[in-house]
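Undergrad: Let the hints inform the model, and build the full structure from the sequences given.
The residues making up each chain are set out below.
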Amino acid sequence: MGRLNGKIILISGGARGQGAAEARRCVAEGARVVIGDLLDDAGNALAAELNGAAVYVHQDVTKEADWDAALQAAEAMGGLHGLINNAGIYQPKRLMDTDAELFERHMRVNQLGCFLGMKAVVPLMEKSGGGSIVNISSTAGLRGSPGAIAYSATKWALRGMTKAAAVDLAPRKIRVNSVHPGPIDTDMLKVRTAEENEQRLQFVPMKRMGTADEIASLVVYLLSDESGYVTGAEVAIDGGSTL
Amino acid sequence: MTPDEEWGLIGKVAIVTGGGSAGDGIGNGRAACILLARAGAKVMVVDRDLALAERTVAMIEAEGGTAVAVSYDVTTSAQCEAMVADAMSRWGRLDCLDNNVGIGSRGSVVEETEENWARVMHVNVDTMFLTCKHAIPAMIRSGDGGAIVNISSISALRPRGLTAYSVSKGAVIALTQAMAVDHGPDGIRANCVFPGPVYTPMVYAKGMTEQARETRRKASVLGREGNGWDIGRAVRFLLSDQARFITGQVLGVDGGATLVGPSRAS
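One line per chain: the protein sequences are A and B, in this order. The opening position of the first sequence corresponds to residue 10 in the working numbering, with each subsequent residue numbered one higher. The opening position of the second sequence corresponds to residue 36 in the working numbering, with each subsequent residue numbered one higher.
Just so you know, the hints here were simulated from the structure itself, not pulled from any lab data. A portion of the hints provided could be inaccurate.
[Unchecked claim] Straight-line Cα separation of at most 20 Å, SDA-like style, residue types lysine to any residue; simulated pairs:
#	chain 1	residue 1	chain 2	residue 2
1	A	Lys216	B	Ala213
2	A	Lys136	A	Trp165
3	A	Lys182	B	Thr293
4	A	Lys182	B	Arg259
5	A	Lys216	B	Ile175
6	A	Lys216	B	Lys241
7	B	Lys253	A	Lys72
8	A	Lys72	A	Ala82
9	A	Lys216	B	Gly180
10	A	Lys182	A	Glu235
11	A	Lys216	B	Val216
12	A	Lys182	B	Glu249
13	B	Lys253	A	Trp165
14	B	Lys253	A	Ala82
15	B	Lys253	A	Lys128
16	A	Lys216	B	Trp264
17	A	Lys182	B	Asp217
18	A	Lys72	A	Gly39
19	A	Lys216	B	Leu165
20	B	Lys241	B	Met94
21	B	Lys253	A	Gly139
22	A	Lys216	B	Asp221
23	A	Lys182	B	Val295
24	A	Lys216	B	Gly258
25	A	Lys182	B	Gly178
26	A	Lys182	B	Asn262
27	A	Lys128	A	Trp165
28	A	Lys216	B	Asp276
29	A	Lys216	B	Gly178
30	A	Lys128	A	Gly169
31	A	Lys216	B	Glu249
32	A	Lys182	B	Gly258
33	B	Lys253	A	Asp177
34	A	Lys128	A	Lys216
35	A	Lys182	B	Arg252
36	A	Lys136	B	Gly258
37	B	Lys253	A	Val176
TA: Structure below.
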């Protein structure tokens, strides 16, 4: 029996990497998914692979009209019970190397995109009897993360918005939690060399990187009714690296 | 009943301390025992009161699960050692430990007696130290690492006049995170769950007025109380392969009560 049976879940940035892993796991747990992304080919291919349990919509998370389109797709499926705010960019640069344009781009995609998503889903989720929002932050939203000031700023913002939204949306039976992945083995890490990534593992108590599927497992718990009394929580999934 | 494979708990062995509950009630420990057994684990239900552990085992056996009721006093190192040896000799391995044992307290440091302070620390902190001290080497010997969940409390983060208790539950968090760092390289994960206003036999055993219950409900931003199952589901998740990259975390199952910190009956 699937742990997300009968649920409809919207996943931003769902066409590849962690978002795609989440889409596959949600479907494996009995949910149907709306995959939003800018990558039309990858998104359509994933939707086809998920064979009737998924639709792909082109989505720029900084555009309200694109959120409306994603919501229409969910409504056509029958409602909405979950949102994974997964879309994000990661262009690490130190403070002195970060210009206003790079900073604003992170704010728009990572922070404004998350805000617009949380806001957009409320009416349909409420109509569907409540729901669960999972915001994908980062361990960069839990501590001082080196060489990525714009990214860190937005990931701290997600953590804060999660708690504020959890309070605002509780009366509407919508839970909001944040997930903070540490070193995860996806294409995002290719911004560093293999040696650099290897070196980072020294500081992980579990001595390895995590996988996209492991993130998806945490997201499934937070989307499911198993976590019905969990809201405003932040969970790092980092092999202990922030300790 | 066919256990669900995705938890990775089929054939694994779990020790749950404080696994009994008064009567047929569902406390945090009992809920975790039942859910771990449903996921296919063999569960050693430990309680100071053997009859309470036996009731939990009867519930598990009625569903076709595997469990045994035992009585050990986890406040002593020798009894913790014997408890772990019992699980190892009975089932040949140890994979999971869920520590529920704890007692409450009331009053500020001025009101608290030295004797009771020491007793609260002994029962709430030493038991977690001693069970882990003996369980971790057994988990390592079993070959697949292991997972520990220690039950902390909302009182560790939002103290409200239960000072010795708050301090002991804060210590549980520090202990858990230290173990996560120390034994991460051994494949041992250690996490805390902190329950918020959950309505369990331990909470209602001494009687609770409807007004106090209502105050607790309102302390949660979700506007309702939790129950033992909510805690048990969090424990099952953290002990399972579904959480295999999660360690050192403090997961609140509190209906959002720590977000706002309103007044609440304790």
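Undergrad: Against each hint, give a clear statement of whether it holds in the structure.
TA: To see whether the hints hold, each was checked on the structure:
no.	hint	in the structure
1	Lys216(A) <-> Ala213(B)	holds, 16 Å
2	Lys136(A) <-> Trp165(A)	violated, 30 Å
3	Lys182(A) <-> Thr293(B)	holds, 17 Å
4	Lys182(A) <-> Arg259(B)	holds, 11 Å
5	Lys216(A) <-> Ile175(B)	holds, 16 Å
6	Lys216(A) <-> Lys241(B)	violated, 47 Å
7	Lys253(B) <-> Lys72(A)	violated, 37 Å
8	Lys72(A) <-> Ala82(A)	holds, 16 Å
9	Lys216(A) <-> Gly180(B)	holds, 13 Å
10	Lys182(A) <-> Glu235(A)	holds, 15 Å
11	Lys216(A) <-> Val216(B)	holds, 11 Å
12	Lys182(A) <-> Glu249(B)	holds, 18 Å
13	Lys253(B) <-> Trp165(A)	violated, 28 Å
14	Lys253(B) <-> Ala82(A)	violated, 36 Å
15	Lys253(B) <-> Lys128(A)	violated, 25 Å
16	Lys216(A) <-> Trp264(B)	violated, 33 Å
17	Lys182(A) <-> Asp217(B)	violated, 40 Å
18	Lys72(A) <-> Gly39(A)	violated, 30 Å
19	Lys216(A) <-> Leu165(B)	violated, 26 Å
20	Lys241(B) <-> Met94(B)	violated, 24 Å
21	Lys253(B) <-> Gly139(A)	holds, 19 Å
22	Lys216(A) <-> Asp221(B)	holds, 10 Å
23	Lys182(A) <-> Val295(B)	holds, 17 Å
24	Lys216(A) <-> Gly258(B)	violated, 41 Å
25	Lys182(A) <-> Gly178(B)	violated, 43 Å
26	Lys182(A) <-> Asn262(B)	holds, 17 Å
27	Lys128(A) <-> Trp165(A)	holds, 19 Å
28	Lys216(A) <-> Asp276(B)	holds, 17 Å
29	Lys216(A) <-> Gly178(B)	holds, 17 Å
30	Lys128(A) <-> Gly169(A)	holds, 15 Å
31	Lys216(A) <-> Glu249(B)	violated, 46 Å
32	Lys182(A) <-> Gly258(B)	holds, 9 Å
33	Lys253(B) <-> Asp177(A)	holds, 15 Å
34	Lys128(A) <-> Lys216(A)	violated, 38 Å
35	Lys182(A) <-> Arg252(B)	holds, 15 Å
36	Lys136(A) <-> Gly258(B)	holds, 19 Å
37	Lys253(B) <-> Val176(A)	holds, 12 Å
When each numbered hint is compared with the structure, violations occur for hints 2, 6, 7, 13, 14, 15, 16, 17, 18, 19, 20, 24, 25, 31 and 34.
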